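Peer 1: As a plain string of letters, each chain reads:
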Amino acid sequence: AQTVTQSQPEMSVQEAETVTLSCTYDTSENNYYLFWYKQPPSRQMILVIRQEAYKQQNATENRFSVNFQKAAKSFSLKISDSQLGDTAMYFCAFTLRNTPLVFGKGTRLSVIA
Amino acid sequence: GAVVSQHPSWVICKSGTSVKIECRSLDFQATTMFWYRQFPKQSLMLMATSNEGSKATYEQGVEKDKFLINHASLTLSTLTVTSAHPEDSSFYICSARGQESTDTQYFGPGTRLTVL
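Chains as they are written, first to last, in my numbering: chain A, 1 to 113; chain B, 1 to 116.
It is worth saying that the hints were derived from the structure and are not from the lab. Remember, predicted model here, so these are calculated numbers, not experimental data. Please note that a few of the clues may not be correct.
[What the hints assert, rightly or not] Below, in silico cross-link-like pairs of lysine to any residue (SDA-like), each with a Cα-Cα straight-line distance of 25 Å or less:
hint	chain 1	residue 1	chain 2	residue 2
1	B	Lys64	A	Thr95
2	A	Lys78	B	Asp103
3	B	Lys41	A	Ser110
4	B	Lys20	A	Arg43
5	B	Lys20	B	Pro109
6	A	Lys73	A	Tyr32
[Said to hold, decoys possible] Sample of chain B residues with no beta-carbon within 10 Å of chain A, all distances over it, derived:
hint	residue
7	Lys14
8	Ser18
9	Glu22
10	Leu44
11	Leu76
12	Thr82
Glycine included, C-beta positions come from ideal geometry on N, C-alpha and C.
Bound conformation, chain A alone (with noise of 0.2 Å):
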């Protein structure tokens, strides 16, 4: 069975500054995709990034990017000029093909005025 580990339950980081977040899971399949999914306050899940494992070149979207080391199975989050919007929990997750995403325990994150 695949797992994901989030080993940061909090953090924290100055608003304009740079912050990552950790993820690494197990897996013995090749083809695979993996998430970060963001839940702010309202509960409501944002997908922030997707990443799909036969792609070497690192997914990024605006202020968000990924570390993507398959060998070492390892997808942390790198947020850049953080702003007092991307509080939240920040869920990682992964899915083989037609299967439900399984979530690590999520890190809770602020941004400090």
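Dock chain B against chain A, hints included.
Peer 2: Here is chain B on its own, set in the frame of chain A:
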């Protein structure tokens, strides 16, 4: 695009009654929908997976007779909590995956259920 709605956003009911929660994909056809439960300050726990026109597949430990799931069309799935008890109080979230995707799920805004 890829908008999922849930109704109601919150509901309070008496113990012993049944509650139905609707999940709709507004701008795409969802071949697969998922229902999650989330306790405060915890991650999402998958309850069941439903494919349009088929019976739902429940995760281990989830009572299928208590949490009835119907996925009758490509845009609508419902979760009915039958004979609700206070321990069923929780935040329920649905998500949907479209015909053109085998991996990405889009989430509804969630429903807060309180059973008195």
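Peer 1: Next, verify each hint and record whether it holds.
Peer 2: Hint-by-hint comparison with the structure:
Proximity of lysine 64/B to threonine 95/A is assessed by CA-CA distance (about 24 Å); at most 25 Å being required, the pair is judged to hold. Note on lysine 78/A and aspartate 103/B: the hinted pairing holds, with a Cα-Cα distance of about 22 Å set against a maximum of 25 Å. Of the pairs offered as hints, the one joining lysine 41/B and serine 110/A holds, with about 14 Å between alpha carbons and a cut-off of 25 Å not exceeded. With a C-alpha separation of about 20 Å, the suggested pairing of lysine 20/B with arginine 43/A holds against the 25 Å cut-off.
Only pairs whose Cα atoms come within 25 Å are accepted, and lysine 20/B paired with proline 109/B is accepted, the gap being roughly 16 Å. Distance check on the hinted pair: lysine 73/A and tyrosine 32/A sit about 11 Å apart at the alpha-carbon level, within 25 Å; holds. Every beta carbon of chain A lies more than 10 Å from that of lysine 14/B, the smallest distance being close to 24 Å; the non-interface claim holds. At the 10 Å boundary, the C-beta of serine 18/B stays outside the reach of chain A, the nearest C-beta of that chain being 24 Å off.
With a cut of 10 Å on Cβ distances, glutamate 22/B stays outside the contact zone with chain A, its closest approach being about 17 Å. Remark: the non-interface label on leucine 44/B conflicts with the geometry, its nearest Cβ contact in chain A lying 5 Å away (cut-off 10 Å). Against chain A, the non-interface label of leucine 76/B holds: every CB pair exceeds 10 Å, the least being about 19 Å. Listed as a non-interface residue, threonine 82/B keeps its Cβ farther than 10 Å from every Cβ of chain A; the least gap is roughly 23 Å.
Of the numbered hints given earlier, the model fails hint 10 alone.
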